[in-house]
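Input sequences plus hints: build the corresponding full structure.
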Amino acid sequence: MRACLLSLLLIAAAPAFAETHDHDDHVAEAEGLRVLHAWTPATAKGADALVYMEVENTSAAEALLTGGEADGQELELVGFSYGAAGEAWTVLPGLPIPAGADVDLEPKVLALRWSSVPMDLAPGAELEIEVEVGGQHLPAHVEIGEAGATAHSHAGHNH
Amino acid sequence: MAEFWASLPPALQDVLFALALIAPGLLAGALVLRGLRPLPLVGAMLRRFVWVNTLFVALIAVSVGLGVGLLAQERGLRQGSARAAEKFDLIVAAPGSEVTVMLASVYLQPSDMALVTGAQYAEIAGAEGVAFAAPIAFGDSYQGAPVVGTTVDFVSHLAGPLAEGRVFATAEEAVAGAYAPVDVGGSFTPAHGHGPGAEGGAHEGFAYAVTGRMAPTGSPWDRALLVPVEGVWAVHGLANGHAPDDSRIGPPFVPEMMPGTPAVLVHATELWGNYALKSRFTRNDLMAFFPGTVLAQLHGLMRDVRSAMSLMAVLTQVLVTLSVLIGLMIMVRLIARSLALLRAIGAPLRFVFAVVWAYSAALILSGAALGLALGWVAARGISAVVTARTDVLVTANLGWPEAHLVAGFISLTLFMALLPAWLAVRRPLLTDLRT
Amino acid sequence: MTAPALHVENLRVTSREGRVLLDVPLLTLDAGQSLALRGASGAGKSTLLHVLSGLVRPSAGRVIWGAQDIAALTEDARARFRRETLGLIFQDCHLFEELSALGNAGLASAFAPKADRAPIRSAAAQWLAALGLGQAGSRAVDSFSGGERQRIAVARALAGSPPVILADEPTAALDRANADALGADLVRLAAEGGRTLITVTHDAGLAARMGRQITIADGKIVEDSDG
Numbered sequence: 174m175r176a177c178l179l180s181l182l183l184i185a186a187a188p189a190f191a192e193t194h195d196h197d198d199h200v201a202e203a204e205g206l207r208v209l210h211a212w213t214p215a216t217a218k219g220a221d222a223l224v225y226m227e228v229e230n231t232s233a234a235e236a237l238l239t240g241g242e243a244d245g246q247e248l249e250l251v252g253f254s255y256g257a258a259g260e261a262w263t264v265l266p267g268l269p270i271p272a273g274a275d276v277d278l279e280p281k282v283l284a285l286r287w288s289s290v291p292m293d294l295a296p297g298a299e300l301e302i303e304v305e306v307g308g309q310h311l312p313a314h315v316e317i318g319e320a321g322a323t324a325h326s327h328a329g330h331n332h
Numbered sequence: 004m005a006e007f008w009a010s011l012p013p014a015l016q017d018v019l020f021a022l023a024l025i026a027p028g029l030l031a032g033a034l035v036l037r038g039l040r041p042l043p044l045v046g047a048m049l050r051r052f053v054w055v056n057t058l059f060v061a062l063i064a065v066s067v068g069l070g071v072g073l074l075a076q077e078r079g080l081r082q083g084s085a086r087a088a089e090k091f092d093l094i095v096a097a098p099g100s101e102v103t104v105m106l107a108s109v110y111l112q113p114s115d116m117a118l119v120t121g122a123q124y125a126e127i128a129g130a131e132g133v134a135f136a137a138p139i140a141f142g143d144s145y146q147g148a149p150v151v152g153t154t155v156d157f158v159s160h161l162a163g164p165l166a167e168g169r170v171f172a173t174a175e176e177a178v179a180g181a182y183a184p185v186d187v188g189g190s191f192t193p194a195h196g197h198g199p200g201a202e203g204g205a206h207e208g209f210a211y212a213v214t215g216r217m218a219p220t221g222s223p224w225d226r227a228l229l230v231p232v233e234g235v236w237a238v239h240g241l242a243n244g245h246a247p248d249d250s251r252i253g254p255p256f257v258p259e260m261m262p263g264t265p266a267v268l269v270h271a272t273e274l275w276g277n278y279a280l281k282s283r284f285t286r287n288d289l290m291a292f293f294p295g296t297v298l299a300q301l302h303g304l305m306r307d308v309r310s311a312m313s314l315m316a317v318l319t320q321v322l323v324t325l326s327v328l329i330g331l332m333i334m335v336r337l338i339a340r341s342l343a344l345l346r347a348i349g350a351p352l353r354f355v356f357a358v359v360w361a362y363s364a365a366l367i368l369s370g371a372a373l374g375l376a377l378g379w380v381a382a383r384g385i386s387a388v389v390t391a392r393t394d395v396l397v398t399a400n401l402g403w404p405e406a407h408l409v410a411g412f413i414s415l416t417l418f419m420a421l422l423p424a425w426l427a428v429r430r431p432l433l434t435d436l437r438t
Numbered sequence: 002m003t004a005p006a007l008h009v010e011n012l013r014v015t016s017r018e019g020r021v022l023l024d025v026p027l028l029t030l031d032a033g034q035s036l037a038l039r040g041a042s043g044a045g046k047s048t049l050l051h052v053l054s055g056l057v058r059p060s061a062g063r064v065i066w067g068a069q070d071i072a073a074l075t076e077d078a079r080a081r082f083r084r085e086t087l088g089l090i091f092q093d094c095h096l097f098e099e100l101s102a103l104g105n106a107g108l109a110s111a112f113a114p115k116a117d118r119a120p121i122r123s124a125a126a127q128w129l130a131a132l133g134l135g136q137a138g139s140r141a142v143d144s145f146s147g148g149e150r151q152r153i154a155v156a157r158a159l160a161g162s163p164p165v166i167l168a169d170e171p172t173a174a175l176d177r178a179n180a181d182a183l184g185a186d187l188v189r190l191a192a193e194g195g196r197t198l199i200t201v202t203h204d205a206g207l208a209a210r211m212g213r214q215i216t217i218a219d220g221k222i223v224e225d226s227d228g
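Protein chains in written order, with the working numbering: chain P, 174 to 332; chain G, 4 to 438; chain F, 2 to 228.
Fair warning: there could be bad hints in the mix.
Taking beta-carbon pairs under 10 Å as the criterion, some of the chain P residues facing chain G (in silico) [to be verified]: (1) D221; (2) A257; (3) A258; (4) P266; (5) D275; (6) V276; (7) V282; (8) L283; (9) S289; (10) Q309.
To spell it out: a stretch of chain F is covered by chain G in this simulated footprint if at least three of its residues, at any positions, have a beta carbon under 8 Å from a beta carbon of chain G; those stretches are [said to hold, decoys possible]: (11) 67–80; (12) 90–98.
Derived by calculation from the structure, the hints in this document are not laboratory data.
Beta carbons: idealized from backbone N, C-alpha and C, even for Gly.
As structure tokens, this is what we get:
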């Protein structure tokens, strides 16, 4: 049952937030905060998924990006580091985005981590998440790319 | 199952994987040898053809050693270069190639670069969450060692407390890297540029006195001579970043009096600060990046090369396994007469089978063990050479990937050794007895 | 174990090309008898010995030791028969050069059932002593003379306490004195144990020590006489 609901969720876009969407459905916006180009590489069930995006703060106040939610589970804000011990992602308490600034969550820098995903995230499918920024829960539409992808399929595309 | 596997600690996964790899070979051995004791005879046969057996063991050892050495060395290089970059949290430079700036600032392989201006530096250094912003001004050298202009903060950040002496206090003093060519108390005149084209006399009449020496960092900075950035500006005839009557060194600098710096190392007060600062200074007139990210991407790109190397190592093992198999079949002919005698005086076929298998297993296991040792020695040797040439401390040790390679090799060859054993018991008894 | 009697009937061994190598309609031997197989080279005497030991399976016929037709056994069963019933001695002694005299004499302990291992090893030591090599058990066999090496092979054949000894030209590689001594020992030790002894030999001296002599020519028994 749960799997069926998830599949429906994956297939459906987010019509409830259509009025806040830009001309494209991979942009979500609320009160001057925008999430663009959210994407994640295909991930097998049980593994950790890393979700990347751009977050814009066009409001007049600093906004704190703290994490998110997917399928009722927490998405942690994590920062990348690399050393002799190899690659590591560390949980960050939050990332302030100054007024008028934007931040890129990109591979090997920053991401929202969904630990132990409850189902396979298959390439080509889509996913709905909420991004917690500036005290708001911003819905975002996540495209699932190929496993091991290093950039969004719209990389370089400007909205 | 996949979820359960993913939930196990990595170390346990490695152990279990190694056990799973070696299990088929050991299981085959346990079944073959159950209730028999062929070892005294096997020992006699090994001694009988000691040179052939030694050659055989050497062949296996060299092949295993190559595979093991290759894998360990590659990982050692990757870890060494990553360790060297660990202290370089966030680099801000003029827009350009991140790789070029990383090579110049982390690995001290300088190239011509646009400069971060005094105003930009002041903005970076004054940004919220910045613990310190250290200029990294390279370009000069002394006897092949890079001379780099920076600040006291950077020296302590890079290497911790000095191993000897004190940090520089004036624009004419310097701190030597752990293996730099000038001792504490000595002095040097930098050459303009680096490498064979460095102009030795360009800074004639100017000398730095070395007041301290850093502890080793395992990076090319161990060979460097660190000087106050004001000194670098001064020897090039530029303003020194401070008002004319101000002789102190270090930040804050007067933006108008600061000639600029190729790169700035930024260290944030908070863990998240680096990420916020990276976002903040990624803009049209500046470039901010984590060397760790660039290095991880480069190593990621090289993953294909690594895969090719691993594949080559495995292929070599497979080829050697085949050679071992063919060799064992030839060896069986050498011991055929002894085997025929055993059969003639009533040894069961299973015993003769066990003798041949145990004989092969003895060669394979000795070769694999010797190969591990050989691979370790080779990796250490090559590491020492690479460290000497690049100043990046490379320590290659045997790890789980090598254990898995050897476990897989042993298992496969022990399994394949069943074939010559089977062929041996099918040989014509009387013909072999008469040879 | 008491020695089994031998009963061979309608025995034929043919080569792959169909040539008859051995044709023995009937051959019997009482338990504890000694028999010399004589004949020119290529006559078929060694082939007969190999058939009797189960090393060669006949093309036709029965080879019955006691109540067991070894021609009908599988290879492993024939090996077991050899292990339990026969002591084999070869012209070339076939020793493991890297093992000691005792290691060679007790070779069968390597593959014998667990309960038999210790008795085989102690019997090997006793036979070596009985054959005059008691002090040299720990020496590597490559340091022994030809006569001594064949004695080690005899000790090996006797170590499993077999009721039957089959020997193929046991004295052929030895000088006269050694051949006579070994032949005398072989016959004496077989007789003492009530063992059946069959030996292929060109050595008239050794043949004369046997209770019965059979001459083979072109694969057939042409003469059968008591010694």
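Results for each hint:
no., hint, in the structure
1, D221, "9 Å, holds"
2, A257, "4 Å, holds"
3, A258, "8 Å, holds"
4, P266, "6 Å, holds"
5, D275, "7 Å, holds"
6, V276, "4 Å, holds"
7, V282, "6 Å, holds"
8, L283, "5 Å, holds"
9, S289, "7 Å, holds"
10, Q309, "19 Å, violated"
11, 67–80, "holds (count 3)"
12, 90–98, "holds (count 4)"
This entry does not satisfy hint 10, going by the numbered hints stated previously; all others are met.
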